[in-house]
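J.: Sequence:
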Amino acid sequence: MITSSLPSIAADHLEPGQGIFADNGLTNIVDSHGSKYQIYLQAVIRNGDGQLISVAESIENGAYIPHKITEHVFDTLMGKKEIIIIDNIKYEKVQYTFTPTLEYRFVSLYPIFTEITFTFEKTADDVAKIYSTNKDYSFWKIHFCAVFKGHGFECIPIFQAMVPTMTLEPHDVVTQHWTILREIN
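Just add 21 to wherever you are in the sequence shown, counting from 1, and you've got our numbering.
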């Protein structure tokens with residue numbers, strides 16, 4: 022699956038404070054309620070002909086990794102920032118849109134960045150299963166994929182949000198519209 026390699030980036034066990042990883046393969050995540058982040062997600066579902074099926078939205082609560090890598094993703098990978106004021110609180114606002122392929126949806130992987138190019142190797146049976154299986158979704162994530170020292174290649178969920186459970190058919194298309202606010206001191 023991995024087609025090349027790059028030098029590892031430092032993860033967290035070498036740095037002071039809370040790290041990226043809680044345990045092997047598990048990340049430290051915190052609820053965004055009461056934090057400097059507000060995470061919103063709107064998921065628009067259309068059938069294979071482009072007809073609207075439904076729109077599902079999260080509330081302001083989401084989750085994120087409380088680490089400088091989250092700041093890096095917000096600052097450098099999510100696009101143009103806008104300064105807004107809500108209830109006398111100043112925020113940086115980013116909007117990010119992503120339409121995952123069926124293969125990415127099937128394995129619940131939604132990368133905003135990957136250090137290593139990878140492809141999905143699948144057999145004819147895999148393809149038949151992917152294209153014949155309806156699947157339920159409620160948790161959506163924005164992944165950052167990299168080689169982490171001591172952990173190898175991992176795709177970590179930088180931001181995540183939950184919407185009401187939706188069942189998608191293989192030819193449905195879901196477009197994720199993320200709006201993330203970061204409070205400015």
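Hints in this document: simulated from the structure, not taken from any laboratory. A few of these clues could be false.
[Stated by the list, open to error] List of simulated lysine-lysine pairs, PhoX-like, C-alpha gap at most 20 angstroms:
id : residue 1 : residue 2
1  : LYS156    : LYS114
2  : LYS101    : LYS114
3  : LYS102    : LYS89
4  : LYS111    : LYS57
5  : LYS111    : LYS101
6  : LYS102    : LYS57
7  : LYS57     : LYS89
8  : LYS114    : LYS102
9  : LYS89     : LYS156
10 : LYS114    : LYS57
11 : LYS156    : LYS170
12 : LYS114    : LYS89
[Said to hold, decoys possible] Ranges between beta-carbon positions, derived for each pair:
id : residue 1 : residue 2 : range
13 : SER56     : ASN109    : 15 to 21 angstroms
14 : VAL128    : ILE104    : 20 to 26 angstroms
15 : ALA145    : ASN82     : 40 to 46 angstroms
16 : ASN155    : GLY71     : 28 to 34 angstroms
17 : THR196    : LYS170    : 20 to 26 angstroms
18 : GLY69     : GLY171    : 40 to 46 angstroms
19 : ILE110    : THR135    : 31 to 37 angstroms
Every residue gets a Cβ at the ideal spot worked out from N, C-alpha and C, and that includes glycine.
J.: Now, for every hint given, state plainly whether the structure supports it.
T.: Now the hints, each set against the structure:
Taking the CA atoms of LYS156 and LYS114, the gap is near 32 angstroms; set against the 20 angstroms cutoff, the hint is violated. Distance hint between LYS101 and LYS114 is fulfilled; the C-alpha atoms sit about 8 angstroms from each other, no more than 20 angstroms. Among the hinted pairs, LYS102 with LYS89 is consistent with the structure: their alpha-carbon atoms are about 18 angstroms apart, no more than 20 angstroms. Straight-line distance between C-alpha atoms of LYS111 and LYS57 comes to about 11 angstroms, which keeps the hinted pair within the 20 angstroms bound.
In summary, the hint linking LYS111 to LYS101 is supported, as the alpha carbons are separated by about 16 angstroms, within the 20 angstroms threshold. Among the hinted pairs, LYS102 with LYS57 is consistent with the structure: their alpha-carbon atoms are about 15 angstroms apart, no more than 20 angstroms. Restraint check: the Cα-Cα separation between LYS57 and LYS89 comes to about 13 angstroms, which is no more than 20 angstroms; the hinted pair holds. At roughly 5 angstroms between alpha-carbon atoms, LYS114 and LYS102 fall within 20 angstroms of each other, so this suggested pair holds.
Using a Cα cut-off of 20 angstroms, the hinted pair LYS89 and LYS156 is violated, with the two alpha carbons roughly 34 angstroms apart. In summary, the hint linking LYS114 to LYS57 is supported, as the alpha carbons are separated by about 12 angstroms, within the 20 angstroms threshold. At roughly 34 angstroms between alpha-carbon atoms, LYS156 and LYS170 are farther apart than 20 angstroms, so this suggested pair is violated. Taking the CA atoms of LYS114 and LYS89, the gap is near 18 angstroms; set against the 20 angstroms cutoff, the hint holds.
Checked against the hint of 15 to 21 angstroms, the pair SER56 and ASN109 passes, with Cβ atoms roughly 18 angstroms apart. For VAL128 and ILE104, the hinted distance range of 20 to 26 angstroms is not satisfied, since their beta carbons lie about 37 angstroms from each other. With their beta carbons about 42 angstroms apart, ALA145 and ASN82 fall inside the hinted range of 40 to 46 angstroms. The beta-carbon spacing between ASN155 and GLY71, approximately 19 angstroms, falls outside the hinted interval of 28 to 34 angstroms.
At roughly 35 angstroms, the beta carbons of THR196 and LYS170 sit outside the given window of 20 to 26 angstroms. Hint check: GLY69 to GLY171, Cβ distance near 43 angstroms, so the stated range 40 to 46 angstroms holds. Range check, ILE110 to THR135: Cβ separation about 34 angstroms, and the 31 to 37 angstroms hint holds.
Figure legend: structure checked against the earlier numbered hints; hints not met, in rising order: 1, 9, 11, 14, 16, 17.
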